[in-house]
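Asks: Based on the provided sequences and hints, a complete structural model is requested.
Below, each chain spelled out in residue letters.
Number of protein chains: 2
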Amino acid sequence: MYSHKLLKPDGRQLTLYSRSAIAEDIAPPSPSNEPVRANPHLRWHPLRGEWVAYASHRQGRTFMPPPEYNPLAPTTNPEFPTELPQGKYDVAVFDNRFPSMTPAAQNPPQSIVETLPANGACEVVVFTQDPRASLGSLELEHLDLLLQVWGDRARVLGEQSQIQYVLPFENRGVEVGVTLHHPHGQIYAYPFIPPVPARMLEQERRFYREYQKSLLADLIEKEIADDKRLIYRDEYAIAFVPVCARYPYEVWVAPIQAAATFCDLTPEQRSGLAKALKTVALKYDGLWNRPFPYLMAWFSAPTDGKAHPEAHLHAEFYPPYRTSDKLKYLAGTELAGGMFANDALPEEKAKELQAVAINLQTPISI
Amino acid sequence: MYSHKLLKPDGRQLTLYSRSAIAEDIAPPSPSNEPVRANPHLRWHPLRGEWVAYASHRQGRTFMPPPEYNPLAPTTNPEFPTELPQGKYDVAVFDNRFPSMTPAAQNPPQSIVETLPANGACEVVVFTQDPRASLGSLELEHLDLLLQVWGDRARVLGEQSQIQYVLPFENRGVEVGVTLHHPHGQIYAYPFIPPVPARMLEQERRFYREYQKSLLADLIEKEIADDKRLIYRDEYAIAFVPVCARYPYEVWVAPIQAAATFCDLTPEQRSGLAKALKTVALKYDGLWNRPFPYLMAWFSAPTDGKAHPEAHLHAEFYPPYRTSDKLKYLAGTELAGGMFANDALPEEKAKELQAVAINLQTPISI
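From first to last, the protein sequence lines are chains Y and W.
Numbers 9 to 374, taken from my numbering, label the letters of the first sequence in order.
Numbers 9 to 374, taken from my numbering, label the letters of the second sequence in order.
Since the hints were made in silico from the structure, they are not lab data.
This list has only true hints and no planted wrong ones.
Copies of the same chain look alike in the list, so a pair counts if it fits in one copy or across any two.
Derived lysine to aspartate or glutamate pairs resembling EDC-like cross-links, with alpha carbons at most 16 Å apart:
1) Lys-13 - Asp-33
2) Lys-230 - Glu-122
3) Lys-334 - Glu-183
4) Lys-236 - Glu-360
5) Lys-13 - Asp-160
6) Lys-359 - Asp-234
7) Lys-314 - Glu-167
It should be emphasised that the depicted structure is a prediction, and the values quoted were computed from it without experimental measurement.
Replies: If you want it as structure tokens, here you go:
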């Protein structure tokens, strides 16, 4: 993997990643030259015992780009610079212009609850230069690179002393609020371990203490033996609708043997994960022959400087659809109670996905 | 409060509630005479350490009602019975025809994770016979009755030995997936304390142990002193945008002095809560002069037979809008991380709601 670090005119960082060498003379553009002045803060939620981030962003200067303007594509019209330069590279990562957390945050307002500067980081990960691509259409080697990029970002961000947890995720589709269709994800780096991974690590830790084994690896063994909900499987990686799916088409992707972080993956595991990811993405898009919206996130060990033998890197996909024309709305029991009610059995949804024929070698665009 | 318990032809219970006596000869209808055969089950989610409910419902007989058919209105055409009878009553509660949990559930499937019959209960609460009413348009005395009804249901359900927590909620608006616009809510009664209230009680318990005081009462005192986010306040009840709002227009409604459950409210507190509720509902609907969607839920003490001096009954409203034309989508950081990022300051949103003029005495319909 080659990488090249650049500074945008507005002070934000941009890193280009490639499978081949990257030219040295690339100039990084930005849609705006004004420095980012975001100053988000955190407030403590006493009843839930969690932090909430507040960011109110200035609107910036008037910017009326042409309708075909895509801020995540390489700049073609210098009059309307995008976030990315022309040049040969595969994946690009840059600081979010409207961050919910930033290392620069300071002087949080005084409040009746505890406040802190939101000293995390928010990055945008552009998966490819091709605006019509998707996780399913990218070559396996490209996905392998993307896994290395997530690993590099988790390492770089995690090395900052205030960062305790790095969460790479992709929100895909208007149904989850995404208006930019260029394939991309985000990375949130938190100055604390956020509630969901914290809960997960607590469960994993308890199991590890008792059995000296990864809780997820234990579940994966049982999923393999049960053989009802598997979507992809090779010697190193697996994808399955979990027996306890909260969303009808929920899928998890994981190395079969526990690896705590992206950087702990063997090349074989990474290659297996690339195939598993591509399989899931192709099956999703093939199910109704249209781009399938989802939220996908990678859970790993915290970057809190402690050992986490219990952690087992994996991705979880949360698709918002129950059927091809019905969304699963999160309402009373899910958002206020925290108990998910699923009107589909994971076994049935897995069968639907299993039945979708795909070809890992042929790029498919939808 | 008068109440009258009836059995529907399909075996479901219906209870009518009224401020005046209810006729004895009311026959309870049902859209279908087929007995409800739902058999939902729970599966343990090992990574999150929580239960997930699974219910796959048969479609039932073909039923082609006329376009004006409203299953929550009193039956007018006997050929197309609704859920409710004609007659003089204010509020009606009946067993959900498609429950995610039911006392009748049994024999859960064997699985690679622990399973249980979903022995909870799911009820529908019809707030009024008027299909065009809303929490904001109902008379204060009617809202007072509704608070008593929630209390009666929480008591009746909570007395069942397997029920550990009762959560009354209202999902309002197509934005949160509601297609029936007749004013109504639901009640979920769980055979365990669900994750969100469990977390809340843990925070409340810790504070109570240290200070012998309600955590929410402590926050309310600080909110009153801060005087920046109050929406309604009298001697007994309060409504405010909490300092730690996770949704831009989030509002909490609570008695100022802690009451653990609806049944622990004094008549003065209940009357104050009715005014607070009506104020919030009217301000929401008045903000953009259209019905304002939200999820509203009531948190209280569990019904697990233990003492809960830490519990403080209150409602939380979670509206899905950020601005009049932009939804707040829950995505990566909220659903996978569990950290909410709010791009509005609670102080600013409170000001918007404070500025909406309302009249508690005049019924308003939108």
